[in-house]
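> So you can see what is in the structure, the chains are spelled out below.
2 protein chains.
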Amino acid sequence: MDTPAPLIAAIEAGGTKFVVAVGSGPEDIKAITRIETSDPAHTMREAIQFISASARKYGPVQAIGVGSFGPIDLDPASPTYGFITTTPKPMWSHTAIVAPLHSRFQVPVGFDTDVNAAAIGEMLWGAGQECDPLVYITVGTGVGGGVIVGQQPLHGLLHPEIGHLHIPAPRTPGVIMPDCHCPYHKSCLEGFISGPAIAARWGIKGEDMPADHPALEEVAETLAFGLVNVILTLSPKRIILGGGVMKQAGLIESVRSHTVRLLNGYVNAHAIIYAIDSYIVAPGLGDRAGICGALALGLNAMVEARKA
Amino acid sequence: MDTPAPLIAAIEAGGTKFVVAVGSGPEDIKAITRIETSDPAHTMREAIQFISASARKYGPVQAIGVGSFGPIDLDPASPTYGFITTTPKPMWSHTAIVAPLHSRFQVPVGFDTDVNAAAIGEMLWGAGQECDPLVYITVGTGVGGGVIVGQQPLHGLLHPEIGHLHIPAPRTPGVIMPDCHCPYHKSCLEGFISGPAIAARWGIKGEDMPADHPALEEVAETLAFGLVNVILTLSPKRIILGGGVMKQAGLIESVRSHTVRLLNGYVNAHAIIYAIDSYIVAPGLGDRAGICGALALGLNAMVEARKA
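First to last, the protein sequences are chains A and B. Residue numbering for the first sequence follows numbering that gives the first Met the number 0, starting at 0 and increasing by one per position. Residue numbering for the second sequence follows numbering that gives the first Met the number 0, starting at 0 and increasing by one per position.
Calculated directly from the structure, the hints in this document are not laboratory data. Since we're looking at a predicted model, the values are computed, not measured. Honestly, I wouldn't trust all of these hints.
Chain copies aren't distinguished; within one or between two, either way the pair holds.
Claimed, not checked - Once the Cα atoms are required to be at most 20 Å apart in a straight line, the calculated EDC-like pairs of lysine to aspartate or glutamate come out as:
(1) K236 x D74
(2) K246 x D276
(3) K185 x E217
(4) K204 x D178
Use the sequences and the hints to build the structure in full.
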């Protein structure tokens, strides 16, 4: 009889909801739940209780992976490693995430941004297999990007914050708030095309927009400016676009054609000139990219701990 | 008696000049020359003759490194690996660089972009030591960027082309050509701040500009938009700024302050908020970053060949 695959707990920590799961891989999720993101103590307690209850039923977890909204501290030498840091989200700034999990379960905890986690999930099991460098971008309540280089999530001074790339401001007639909606910047991606930015700038929610609304064309072109910059900086082998806003019918097709038009032949690569449909793609794991990525972070933490 | 360090030939292949050197490291350059970039056959022949003559004098070279203007083909599986590809430079498009060197000297040849080479040189011996990820940007006849991640130069679909990042267009009063000067794009870094773009847009050469010319402020702010995007995508631990335009007195200081202002506290890192003077820096190797980087590419090719 085969040894059963080790059980991992995964947390996709979002600003609106936490998804918590226990399983050994994307095809073997034993238990999964969704917790509303309230205050940190309450939310973390609920997550911990779900993991404990699942462990009693299915067996102990060998590691935990967390993909979190940010910014987060990823520097192992920092006293605030494993914290959510300067988020504007009420009550969540300077919140320890790794420490309470480690102290309760005494297992290795892998920790990264939600989008780096989604990128890892897609690289292992989704649309990003054999693509290195790989970029995963989400366009939803916020805009963010995860980056894989050399099979590792990219960290540096901090971590990528692709949602705040500065781009030429769109100037579509009919917009009621032409400015960027970001409290930090005057001309950044998130400030033009996040769900709340679209609602504020056009006075209508994304889900209520007719398919021919001019905002959609503007979102496509503005996001394409961001992708152009990502392509010219990271030269990824594939870009995956997830998040609620990207579910608008026809949007990804429009993003592809604006990206090709804006690059204007300068990046002379077959993938861009002849095969853009398989270069800019939807997540292979669909809405499960984030939680599967968190699971991958846990698996990786377990492997690293066994090496050490 | 110590075994002498192996001799490497290095070529910094630029659009205006080729620099060719033979040596074992930055402190041991045995011979160096400068060749005007004319047609490919003539230029490559001169480079090869210089290496041969130096080898007769100092001993055989064990490897060759080439940092080249581009775009170049870095895909080892491609039939045009080691070529300069779609450059607009007359006579140089689709020119083999690696093959004639390899066929003449029968030693390993390392090949990369001029800016990736400069980044490697700075990482090994200059201002980029212990900084990973590292970005080297040159602002001169063109604008380009080299990127190191995980101690390796970043390659992907192609290689970084940071000079063509799309940014909000500057709108300085007094400019005689407000548009971007790039033949491919309408709002890219190189089209606003390369030497030729400055000359065309302001009707005056950089070296003739007084220190209070409004173009200099515009160059600083425009480049800062590019650095902001690089920081938000790659999260480098240091950015090195080289090239002729960067020699303008006061320019790097102005780039630093615009970068901090545009980020506006969003990237909450000590290096940016408190130590920008040691985050955005001049090349430690000065004008030798490129040729030393080519030398490093040769050393690396030698080491890899011995492993294989």
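> For each hint, tell me whether it holds in the structure or not.
Each hint tested on the structure:
no.	hint	in the structure
1	K236 x D74	between (27 Å within a copy, 12 Å between copies)
2	K246 x D276	within (16 Å within a copy, 43 Å between copies)
3	K185 x E217	both (17 Å within a copy, 17 Å between copies)
4	K204 x D178	within (17 Å within a copy, 35 Å between copies)
No hint from the list above goes unmet by this structure.
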